[in-house]
Every structure is written in C-alpha cells, then in structure tokens.
Amino acid sequence: MDCGFQRENGWFRYRAAAIIIENGCVLFAKNEIDDYYYSIGGGVHLGEKAEDAVKREVLEETGIEYEVERLVFIHENFFDGTGSLDGLKCHEVAFYFLMKPKGTQELNSNSYSQGVREYMHWLPIEKLKDYIAYPSFFAEKLLCIGDTIEHIVTCE
Numbered sequence: 021m022d023c024g025f026q027r028e029n030g031w032f033r034y035r036a037a038a039i040i041i042e043n044g045c046v047l048f049a050k051n052e053i054d055d056y057y058y059s060i061g062g063g064v065h066l067g068e069k070a071e072d073a074v075k076r077e078v079l080e081e082t083g084i085e086y087e088v089e090r091l092v093f094i095h096e097n098f099f100d101g102t103g104s105l106d107g108l109k110c111h112e113v114a115f116y117f118l119m120k121p122k123g124t125q126e127l128n129s130n131s132y133s134q135g136v137r138e139y140m141h142w143l144p145i146e147k148l149k150d151y152i153a154y155p156s157f158f159a160e161k162l163l164c165i166g167d168t169i170e171h172i173v174t175c176e
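Each number in the working numbering comes from the position in the sequence shown (counting from 1) with 20 added on.
Derived by calculation from the structure, the hints in this document are not laboratory data. Idealized CB from N, CA, C, for every residue including glycine. Fair warning: there could be bad hints in the mix.
Stated by the list, open to error - Label-pair ranges, simulated between beta-carbon atoms:
{"no.": "1", "residue 1": "G123", "residue 2": "E28", "range": "40 to 50 Å"}
{"no.": "2", "residue 1": "F32", "residue 2": "F157", "range": "19 to 29 Å"}
{"no.": "3", "residue 1": "G107", "residue 2": "D55", "range": "12 to 22 Å"}
{"no.": "4", "residue 1": "E126", "residue 2": "F25", "range": "33 to 43 Å"}
{"no.": "5", "residue 1": "K120", "residue 2": "I53", "range": "27 to 37 Å"}
Just need the whole structure built from these sequences, with the hints factored in.
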C-alpha cells in the first residue's frame, strides 16, 4: 500500500524517485496518454524506506537493478491535478536519489502504470528545457549537481 491519500478535493503522495544519468542523458518515462515526460519512481509503500522504494521502482520500470549513490533532492510539489487527478489540489513529497551509472543505456523495460504502457526515454540533460518534463527543476539542477541535499519547493 502506497503512502498517500485522497480527501475531498485534495490528493497527497510520498514518492521515491531516481536520477539515472548515462552519457549526458537522464532517464525519463512517458506513457501512451500524457504529453509529458516524468521521472522514474513511484509511491513509497507503508513501512518501506525511501531508498528501498526507489530501487524497487527502478527495477519495475527499467528491468535493471541500479544501486543508490546518494540522496540529492527533497521536493515538495504543489500542483493542480490533471488526467486521473483532474480537479484535485495535489501535494507530493518526493525524495530524489542519484543512482550509480551502469555505463550503458540498455534497459529491459516492460513497464505499465495503472494499466497504461510506459516507455523509457534518455533525454539529453543540456536540452531538458526543450521538453515538457517533470520535475521541471531538473533542467537547471542536473547541469551541476551539488554535494549536499537540496530542498526544493514548487507550485506548478
């Protein structure tokens, strides 16, 4: 069971997400319905550590086991829901973990989310601003990842 809930017109989720970088590109997912790319990851299960959740989610989505290098960002995201969340005021807290690179962009993905096929895409970090990709702060922050954990709050 994911750590999250929906009440009246509000939705909340605790998420663990991955930053996987290979050859100047970062891995994003995109499904058959939405017109945007999104980070790899998903809901943390009740009683699960965020680091364990990100490893589980990465394996589920890419078919590859990646190791965690370190926590990079804590992101509080406030946004108006669209699609299945249409009409909801959304609040998500996400831990973004930098994963250790494998030296290859080969994946073994057969991922589905809520019954919809997902496809993995390696997007060039230097051109992220040209894509509709979330979280949007990746376009700036992945150009020079700092040594400390950064807390980011966005209202999109």
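A quick look at each hint next to the structure:
1. G123 - E28: 40 to 50 Å: For E28 against G123, whose Cβ atoms are near 48 Å apart, the range 40 to 50 Å holds.
2. F32 - F157: 19 to 29 Å: Cβ of F32 to Cβ of F157: about 20 Å, so the range 19 to 29 Å holds.
3. G107 - D55: 12 to 22 Å: Since G107 and D55 have Cβ atoms about 19 Å apart, the given range 12 to 22 Å holds.
4. E126 - F25: 33 to 43 Å: At roughly 38 Å between Cβ atoms, F25 and E126 fall inside 33 to 43 Å, so the hint holds.
5. K120 - I53: 27 to 37 Å: Distance hint for K120, I53 holds at roughly 32 Å.
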